[in-house]
Amino acid sequence: MDVCLVCSTLSLLLSAIGGLGSGDDGWSMNVQPEVRAIEGYPVVLPCTFSHPQHSQHSSLQVLWRLGHGQGASVLYRCTSRPGAPTCEPGPQQDQRYRLEGNPREHDLSLRINGVTLQDSGRYYCRVEVQGREHISFEDKMGTRLRVEAPPKILALSVEGSEQSGYRALCRVQGSPLPDVQWLGPDDLLEGSPVGPLAQGTPAHYHTVSQLRDVEPGQQYTCSASNPLGKEQATLYVLHPRPPLSVAGASPPLLLLLSVSVGAKVILLVGMGVWMVQGGALQGVSCWWK
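Residue numbers (mature numbering (1 follows the signal peptide of the UniProt record, and there is no 0)): -23 to -1, 1 to 266.
Rather than coming from a laboratory, the hints here were simulated on the basis of the structure.
Note that the structure is a prediction, hence the values are computed from the model and not measured.
Glycine included, every Cβ here is placed at the ideal spot set by N, Cα and C.
Wrong hints could be hidden among the right ones.
[To be verified] Quick list of simulated restraints, FRET-style, between CB atoms:
1) 141 x 11: 41 to 51 Å
2) 70 x 170: 58 to 68 Å
3) 93 x 62: 25 to 35 Å
4) 95 x 167: 53 to 63 Å
5) 121 x 51: 13 to 23 Å
6) 118 x 19: 55 to 65 Å
7) 118 x 167: 26 to 36 Å
8) 162 x 88: 42 to 52 Å
9) 162 x 46: 11 to 21 Å
10) 95 x 170: 14 to 24 Å
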């Protein structure tokens, strides 16, 4: 009797466990843990699901969110009605997002056009069956979108004065975070990182490198590289102009900037000399090409 009682109890426990495992009434959802994309290109986040046959003729609502919990933001929402060929998005839907799959074929895959570094994060897909019994199911793990980008030099400038000395600053963006080097006319120069960055700046995408003891009459090249590419920008620092006739006026410093993609460098020395001779510059001036 005791053996039969134990067996009966185990049978009930196994049934209960099986009920918990199928507590979603036959639902299942498959996603990829991580998807990588290149900045500026489209990407598809796969998401497929299965559901009971009784929901085949019900309206389905598809939802994609970025993030989890109270801080999550809804990026895409559409409704698939019985007999309709497509899943209709809302009137205010951002056109960057599009449902790549067909919910009637158990495919909720999302397409994002022109991804940016700010699109990186964890995405969650959700499907809701609308009807007499409102049923919903969502993947709990989500898909991590990792957006990568080649180096991009955002700014190259010089700060300081003749009394305190000058330093060059090179602000770079990229993912993975680019490695920044400074090149002089003949050799490699040693720069150093600057921090912290300004508020609101995603530090894992941006870095600022500085080069101290910058001297007029020299040129300095900021070189940023990561596995996706390389970009350079060259800074030309001209000698200060003679002092103006106005008493106490400090001589300005003329800066010429040239940005290159790869190894190509566009030189603006001729324009700078012409502007100096014409007396048109009265301070710090920059050109990007």
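Against the structure, the hints:
Checked against the hint of 41 to 51 Å, the C-beta distance between residue 141 and residue 11 comes to roughly 48 Å, which is consistent with it. As the Cβ distance of residue 70 to residue 170 is approximately 41 Å, the hint placing it in 58 to 68 Å is violated. Here the CB-CB span from residue 93 to residue 62 is close to 31 Å, well matched to the stated 25 to 35 Å. Between residue 95 and residue 167 the Cβ separation comes to about 32 Å, which falls outside the hinted range of 53 to 63 Å.
Taking the beta carbon of each, residue 121 and residue 51 are about 18 Å apart, inside 13 to 23 Å as hinted. About 23 Å separates the C-beta atoms of residue 118 and residue 19, a value inconsistent with the hinted range of 55 to 65 Å. Remark: the range hint 26 to 36 Å for residue 118 to residue 167 is contradicted by a beta-carbon distance near 44 Å. For the hinted restraint 42 to 52 Å between residue 162 and residue 88, the CB-CB distance of approximately 49 Å keeps it satisfied.
Distance hint for residue 162 and residue 46: a CB-CB separation of about 54 Å, inconsistent with the stated range 11 to 21 Å. Taking 14 to 24 Å as the suggested C-beta distance range, the pair residue 95 and residue 170 conforms, at roughly 22 Å.
Figure legend: structure checked against the earlier numbered hints; hints not met, in rising order: 2, 4, 6, 7 and 9.
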